[in-house]
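S.K.: Go by the hints and put chain B onto chain A.
Protein chains in written order, with the working numbering: chain A, 13 to 418; chain B, -18 to 237.
For the record, the hints were derived by calculation from the structure and aren't laboratory data.
Be a bit skeptical, because a hint or two may be false.
[Said to hold, decoys possible] Footprint (simulated), chain A over chain B, 3 or more residues, beta carbon under 8 Å:
no., stretch
1, 99 to 105
2, 108 to 120
[Stated by the list, open to error] Not the full set, but computed from the structure, chain A residues with beta-carbon under 7 Å of chain B:
no., residue
3, S51
4, S144
5, T145
6, S151
7, R165
8, G340
9, G341
10, K351
11, I354
On a predicted model such as this, the values are computed, not experimentally measured, just so you know.
Yeah, the Cβ is synthetic: ideal placement off N, Cα and C, and Gly gets one too.
Chain by chain, the residues run as shown.
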Amino acid sequence: MPLISPPALLQAYLSQSPPHRPSNRAPTETRPIHLNVGSLTHCNGSSLVKIGESTIVCGIRAELLPVSEIPHYRASDNARQGRTRTATTIEEDDDEDSDNTYDPNPLNNLLVPNLELNTNSHPSFPANIAPSTTAQSLSQRLLSLLHSSRLVRPSDLSIRYSSEQSASTALDPDDEAYIEPERDVLKAYWTLYIDCVALSYGGEAGMFDAALMAVVAALRDVRLPRARWDEDRKTVLCDANFANARRLRLRGLPCPLGFGVFVPDPRLRVGAEGQGRVNGAVQGKSEGAATVLIDIDSFEDDVCEEKGNVVVDCSNSKNKILKIEKVGGHGRLDAKAMKDVIRRAEARWTEWNAVLETALRSAGACASSVYHLVHRAGKTQQHDKEQAQKYNHDGSNITITSTGAQ
Amino acid sequence: MTQVSPQIQLHNLSSSDGSASYISPCSLQRIIAGVNYPLEVSYRSKEVPDDTYIEVNLRPHNAVAGVKEHHVEEVVRRVLKSMIRGEETPRTMLQCTLQVMEVENDESLPGGVKGGGQGESYLEMLCGGLNAAILGCLDAGVQMRTVAGAVLVAVSKSRETNIWPSLKERKMAKSLHVFAYGRNAEMLLCESEGEFIMDEWERAAMLAKRAVLGTDDAGQDGDVEMAGEDDGRCLMSEIRDAVQARVVRDGMGGDQ
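So here's chain A without its partners, still in its complex pose (with noise of 0.2 Å):
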């Protein structure tokens, strides 16, 4: 929208009684999300996610890991992991941090999330360029995100061997190519690589929200299928069978909110000059008064200097903050402003929450139809029933499709 003076217009919308936004929204109030889930075939989760004009789509591979070939691999963690899984059953323990062993995070590596703007997805963006400073910032912030919020469980990644399993093939303790069984041994783990495509660009806070709820969807959408580790042949084979292939256990459900606060320019200010001098605060009604807009939209995201997200989490009835950030402005938003926000977010997490359920509902309902396809494509083929290395979604003719909430 080429405006003279956007500024000018944004605040002409929120003077009038009621205030109103120019998408003829208060100001408090939020775009309704519109979901899908696991409509690409070639993943083993995808989402597609729309709030306003920010359009994400974002589908997820999984790829194998050998430990072999992770740099600067060492042993003894495995041998403590291994432990503690045994010490505590892995099924339910949301604390597997809880004993207070200083760790290095082992999921480091595993996530790889990446956001790409397209050309298509704003006039502004050029055709062929390195990715901008903002497509890096998005895809540095979901990480972020989805380390310090251990949204994924290391064990649901993790491919383990015990060799239980091959015990009748223990060599005698006297021969001398005995080798030490090693009873619970990592042998691989899976990484993700989370590629966010933008359909539509629609301001740095909108992305990021459209971006992380299509994370979140997709994370919910992953199949892994079966994997184990194939001690003769030294690799790791994958079960072609849809139907054995399993879900992440995810650490609850974050919710994002993008937040600005426009201050009118002074220059628009007849006669209220030095008005906006009070420490801190967003005043009240009076003019000149900073406006706190609940998911701006590009259009408030150029003219609102200072905005930011938030990411709270109510999952299990437990209010807790994820994330809190905030850049840029002059420090109009206090204490009390961004309690506000964090209550609108906590709304906005039911109906986040309400929508995703909805969505994988029905793409359950789809999925679970095309499941016989997918297992007779698995008979057919008998050659790739287990195949080595590289896990490639099978039965890639059939398409999984389904319409989300809304």
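M.R.: Structure of chain B alone, referenced to chain A:
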């Protein structure tokens, strides 16, 4: 609380307009900032008709900048943009180069190598980089609306808030926060990650404000009270001392 304060030195590069070195307390992270201002904008398309174009370059200690560093650059750039009176020098450029000189050894990584991988938190680098950039701008004589300082706060599992956490405390923390406060107690930046509740965030913010400004409430005229309490010295008074030392050194006819 131990007496901790960052070590600041201004103008230690001879050929840039302004420079500063900043060593953050407890984490031994050393960052040098070089600021050149005003410069001609390198690409005409980047020129802003009524504002100063700001460019921030950040180099980690052991590599060239990656995605993480680019994100930190962007955040620092946006904070500087809100602090600097760019309209005084339209169509020019402010170039701020940050070099991480030293970071703490991370014994938990294989071979005790130094941290800084892409997956690790960037908040420590952001905090140090922002402080160094602001000091560099002060030294270069950039016209600014306000002076700000950033601090890193960790909230541990037992919900204790630690200011300037060490590497081990950072890794054990449940949430990490960076706050930047201007001298009128306005919050210019807040980045928090981990898992926390509003109450912890508010306590961390309060602690950060005290560490930057010395007192909870800034004076109405914007003057910072120099309260010599047992919390050690505040960041603002450290900055003031560093600027004072630089002015005295110049007055003595020092070697620049």
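S.K.: Does each hint hold? Answer for all of them.
M.R.: Right, here's what the structure says about each hint:
| no. | hint | verdict |
| --- | --- | --- |
| 1 | 99 to 105 | holds (count 5) |
| 2 | 108 to 120 | violated (count 0) |
| 3 | S51 | 28 Å, violated |
| 4 | S144 | 10 Å, violated |
| 5 | T145 | 5 Å, holds |
| 6 | S151 | 6 Å, holds |
| 7 | R165 | 15 Å, violated |
| 8 | G340 | 4 Å, holds |
| 9 | G341 | 6 Å, holds |
| 10 | K351 | 6 Å, holds |
| 11 | I354 | 6 Å, holds |
Hints 2, 3, 4, 7, counting from the list given before, are not met by this structure.
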